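Participant: As a plain string of letters, each chain reads:
Number of protein chains: 2
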Amino acid sequence: MKDNKNKECTVRFEPSGLKAEVSSGTTLLEAAHRAGIYLSSICGGEGYCGKCKVIINQGQFYSRPSSPLLTSEETREKVVLACQTKVLSDLTVTVPKSHSLETSQVLMDTDARVFSRLAGKTQERLFEYDPLIRKLCAEMSPPTVVDHTADHERLYAAIRKQLDAPIMQTGFRILQKLSKVLREDNYKAAVTVGQRGGTTEVIEVEPWRRCKTNFAVAVDLGTTTVVAHLIDLTTAKTVDTEATYNSQMNFGEDYIRRIIYAEQTNSFDQLQESLVHDVNDLIMTMAVRQRIDLQDITAVICAGNTAMIHFLLNLDPTRIRREPYVASAGSVPPIRAAEAGVQINRRGLLYCLPSVAAYIGSDILAGVLTTGIYTKEKLSIFVDIGTNGEIVLGNKDWLICASSSAGPAFEGSGVKCGMRAGPGAIESLNIINGDKIQFKTIGDSHPIGVCGSGLLDALSELFVNGIIDRTGRLKATGDPRLTEGNDGLQFQLVAPQNGYREIAITQADIDNLIRSKAGIFAAIRILMNSTQTKPEDIDTIYVAGGFGNFLNVQRAVIIGMLPDIPPAKMQFVGNTSIAGAKTVLLSRKALETAERIAESMTYFDLMSNPDYMDEFVKAKLLPHTDLSLFPSARNLKRQALS
Amino acid sequence: MKDNKNKECTVRFEPSGLKAEVSSGTTLLEAAHRAGIYLSSICGGEGYCGKCKVIINQGQFYSRPSSPLLTSEETREKVVLACQTKVLSDLTVTVPKSHSLETSQVLMDTDARVFSRLAGKTQERLFEYDPLIRKLCAEMSPPTVVDHTADHERLYAAIRKQLDAPIMQTGFRILQKLSKVLREDNYKAAVTVGQRGGTTEVIEVEPWRRCKTNFAVAVDLGTTTVVAHLIDLTTAKTVDTEATYNSQMNFGEDYIRRIIYAEQTNSFDQLQESLVHDVNDLIMTMAVRQRIDLQDITAVICAGNTAMIHFLLNLDPTRIRREPYVASAGSVPPIRAAEAGVQINRRGLLYCLPSVAAYIGSDILAGVLTTGIYTKEKLSIFVDIGTNGEIVLGNKDWLICASSSAGPAFEGSGVKCGMRAGPGAIESLNIINGDKIQFKTIGDSHPIGVCGSGLLDALSELFVNGIIDRTGRLKATGDPRLTEGNDGLQFQLVAPQNGYREIAITQADIDNLIRSKAGIFAAIRILMNSTQTKPEDIDTIYVAGGFGNFLNVQRAVIIGMLPDIPPAKMQFVGNTSIAGAKTVLLSRKALETAERIAESMTYFDLMSNPDYMDEFVKAKLLPHTDLSLFPSARNLKRQALS
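Order-wise, the sequence lines are chains A and B. The opening position of the first sequence corresponds to residue 36 in my numbering, with each subsequent residue numbered one higher. The opening position of the second sequence corresponds to residue 36 in my numbering, with each subsequent residue numbered one higher.
Do not rely on the hints blindly, as some may be mistaken.
Each pair may be met inside one copy or between any two copies, as identical chains are not told apart.
When the alpha-carbon atoms are kept at most 25 Å apart in a straight line, the in silico SDA-like pairs for lysine to any residue are as follows [as the list claims (entries may be wrong)]:
no.	residue 1	residue 2
1	54	274
2	113	218
3	215	311
4	196	233
5	624	164
6	655	360
7	121	440
8	411	653
9	215	501
10	604	670
11	212	311
12	471	222
Bear in mind the hints are in silico, worked out from the structure with no lab data behind them. Owing to the predicted nature of the structure, the values given are computational and were not obtained by experimental measurement.
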């Protein structure tokens with residue numbers, strides 16, 4: 036192999052046929068770059084992301100004997116990590132299809148679209164573009180005999196020309212390298228600054244060429260689902276989205292059970308790791324897809340319920356479940372993302388939106404911020420239906436909130452054919468002429484389950500069409516779709532076909548969904564009663580949650596989940612948790628506003644309210660025990676049955 | 036040795052005879068504590084400070100086979116580290132004298148006394164007690180069903196009751212343990228808060244019992260000497276002081292040479308380490324003496340010339356010596372002391388006072404702050420005589436400053452019998468009746484050298500008594516004390532006696548001292564001339580420097596170092612560098628003021644001024660070429676010679 040030293044080798048990449056001439060010893064990753072081939076590589080050639088796999092067809096190469104990132108089967112088939120493989124002779128290499136940009140972004144971008152609609156308005160009206168983290172292209176005049184300002188002060192002056200930053204701070208490591216970096220491009224530099232409380236921190240100073248790209252990730256940390264959006268901070272556009280189930284599901288369906296699990300097994304670290312792993316996975320997936328270096332992601336901003344934020348940062352969550360239900364922290368200061376194990380730029384920041392109380396998290400605050408109910412003269416209700424159902428009632432003068440443990444039924448969890456809003460999920464459903472079921476799936480693919488909006492439709496349509504009674508019981512109508520399945524009595528929504536399984540809703544599913552809606556309605560009633568609010572006082576009801584692309588809010592009235600007000604006054608606002616996180620990410624003013632709102636909201640503890648259970652029981656009928664509360668639902672039902 | 040397990044053993048400590056009964060396996064450090072014996076231990080029994088040495092007289096013990104902290108001779112003599120030694124049988128142990136509190140604090144507290152005089156005034160007039168770092172005893176009411184404020188926000192509210200802290204920040208690690216610590220004493224806690232720029236950081240939250248003690252160290256980082264004062268932050272009193280030569284002397288006498296050395300050998304790390312080592316040594320010495328745990332020292336504040344601050348933090352100092360003479364940073368943000376290797380509380384902060392320019396460091400700013408010349412209507416001059424001579428001229432409206440490379444002669448360096456102001460140093464000297472030499476030493480011990488104030492006296496007295504001429508040349512008067520020594524012509528000040536060496540001043544010493552004084556006077560002249568300031572416009576000249584306990588400022592006029600103004604208008608203010616550091620340490624307002632002054636001072640570059648060399652040459656006679664500038668000196672000389 037001595038002879039190969041410094042030899043010129045030709046590397047040919049299949050199927051494109053592109054070639055590169057390189058010296059022996061060059062890595063395949065480098066060779067691919069020279070040939071103009073894009074290979075995924077998140078770690079930048081460090082050999083730990085395992086993304087740059089290629090297959091050697093023929094020729095000599097040197098690769099590390101074994102890597103945990105390659106299976107023994109892959110090794111047998113000459114799959115190698117391009118960054119860890121050196122060219123020793125002419126080579127032919129196959130680039131697997133996985134490297135090409137994936138286009139199956141069916142959901143690209145449900146939430147993002149909703150956001151751009153909302154945030155468009157929000158930004159125009161309330162917040163101007165002034166992100167928490169920025170990469171500035173700073174140009175300074177070099178020092179002279181008459182201007183011997185120190186480098187550090189010179190940099191501050193340049194930053195302050197572009198940014199309102201009365202109080203600034205610089206990390207020690209940045210200071211140590213500052214003089215060298217500034218001189219690299221004769222006092223032109225790429226400067227990353229981030230807001231930390233009232234201080235603007237110089238997070239990174241890099242050569243001028245690094246000025247161009249700056250990305251951040253907004254994350255909604257749901258108990259059941261974790262959603263992430265990748266935002267180009269220079270354009271304020273959402274460039275990609277990704278979602279996954281929360282891996283903590285393995286430790287309990289709701290977060291109270293997870294806290295108990297962590298306490299009993301002292302596995303807080305494990306719960307943190309599993310959540311951080313989800314976040315990292317989402318970030319990496321989007322980064323690969325968009326060909327973005329993790330170093331160019333300089334911030335992550337999270338909204339979520341209080342327990343999730345505690346798990347993410349490994350703060351003590353144990354008091355959340357114990358009277359008097361106290362969080363370790365409501366407003367969490369920004370920290371270095373790396374401190375929590377979140378893999379972005381190693382000096383990048385991790386922000387969390389402030390929460391209001393142990394059971395009113397920053398996801399709710401995000402909703403208040405996004406819908407702008409805190410700015411309105413008239414009263415609004417904000418309802419977020421996730422694993423819990425949180426309600427906010429108020430206007431610009433006051434805001435009152437409560438949390439009902441609705442359960443994750445409307446997130447598709449604990450429901451036989453439930454699923455989160457993704458390709459193949461039934462997102463809307465109608466029963467035509469009291470018989471034929473018509474539905475639409477996300478991505479228009481074959482139905483594989485039902486997401487929140489579909490479940491709401493199903494419950495409403497079963498009720499309106501008399502398939503279930505007011506208690507939710509499936510009626511023995513002789514309909515052949517009503518059968519006794521493995522999970523008890525069930526009603527078939529979609530017959531099995533072409534190897535796809537049957538989709539059905541069981542009696543237990545229906546009971547679950549009714550419990551959820553009853554919990555939410557009871558909470559709304561308590562808040563309205565305690566503030567003497569009548570349905571006609573409500574200007575708008577905003578409904579948030581990961582239901583799907585849209586929600587037929589009128590059906591939420593039919594089943595008695597929401598008060599009976601005209602459909603025009605109801606608005607489905609999608610995932611406001613992530614929308615709020617993005618709003619804050621893009622505006623320092625919005626963060627200040629969020630903190631002010633968090634301080635001013637009044638939390639109403641339903642558990643200690645004797646009327647709550649009473650209201651809950653009354654709400655367990657469809658639409659409600661007191662039908663006078665739902666005049667329009669009564670009419671609709673009459674029409675359907677006529 | 037199995038039989039020894041859990042056996043009760045008696046450990047007797049000599050010479051006190053105190054005893055402790057302990058189980059076998061107990062450490063000697065623990066046994067000493069039980070016997071009521073104080074053993075120095077900085078590291079808290081971790082085995083790395085080497086302070087808890089004792090001698091085993093008899094009995095069985097187990098000690099780590101070898102420790103780098105023990106010499107082989109010590110090991111032979113059964114010297115052990117008490118914290119690393121386990122009792123295996125009845126033992127007799129001798130506690131060396133070094134553990135008793137040292138009382139030889141001769142210099143306790145030259146500078147501190149000067150400071151308390153100055154700071155007393157300063158504080159009354161300008162700054163109220165409001166230290167940069169505080170340990171608050173925070174009492175919170177525990178959460179209830181009606182008050183479920185999160186722990187973090189509850190803590191902030193408690194802090195804000197005691198402190199003006201609009202913007203706060205909490206370290207991530209603190210946040211993670213917060214809930215646990217607060218519950219330990221039912222929401223009473225010791226909270227350490229430190230100012231970092233505009234933000235008040237919660238640095239530590241500890242159990243209530245830790246509320247009592249809080250110390251800080253102020254350091255003057257001189258090129259030649261490093262001085263440290265230990266301050267009890269709860270009383271604002273200086274409790275100990277310590278000084279040492281700067282170990283960087285090994286790399287060059289002045290800092291320009293050290294920068295060149297570091298560049299040539301790429302040994303910036305080494306220079307930092309050596310300076311940090313000095314600081315740590317001073318801190319540890321005082322901590323041992325005052326029986327203070329390093330954990331209870333929560334801040335270090337440094338003033339020094341710009342190069343020293345750069346060396347301390349390993350900032351790039353190389354541009355300081357190159358035109359246009361630019362520092363990496365003037366105002367250095369507070370960092371965690373541990374980041375720079377300074378060993379105090381592991382979350383404690385390291386502050387540096389801001390500097391003005393590459394050659395006007397924070398030591399000078401400290402002087403301006405301490406003397407209050409920036410507040411006065413009338414003009415003052417501030418002169419700091421250290422390794423360089425820095426001059427500030429101005430009043431409340433403007434401040435102009437310059438630096439002359441005076442050399443370290445008046446710090447006792449580069450002078451044969453020179454020494455820093457310490458026990459045995461001649462601090463004042465008179466020639467009685469033109470013949471007999473009378474002197475006073477610090478601590479009234481046998482003279483072993485001459486410190487700055489003594490050297491100034493010597494130069495002045497040799498001149499006034501005609502032993503040297505106006506050029507500084509030793510005159511061949513036939514005086515038997517005038518001899519040719521190993522270092523050339525010299526004049527004996529103190530004859531050898533009882534084994535103590537002779538103390539003499541050489542021709543080279545005199546030339547050195549004259550060069551220093553000429554540099555300083557020339558700089559003052561340039562600043563005065565450029566601002567059309569006449570001697571009669573000067574209200575006060577403040578003279579700072581580590582001369583000794585006091586300085587006969589009139590003699591500084593006789594030799595022509597300072598302008599000829601009435602003695603009543605001159606004031607020796609001691610080490611204002613450390614005084615300023617302490618002022619800032621004790622007042623957040625003072626730090627703000629210091630930063631404002633640093634920004635407003637105008638630096639005057641003497642090197643680029645063609646008149647400077649001319650003035651320097653004229654100042655090389657005693658007192659000056661132009662005798663009309665020194666009318667009083669002429670009178671004095673006439674008296675002395677009459």
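Participant: Checked against the structure, which of the hints given earlier come out wrong?
Facilitator: 1, 2, 6, 7, 8, 9 and 12
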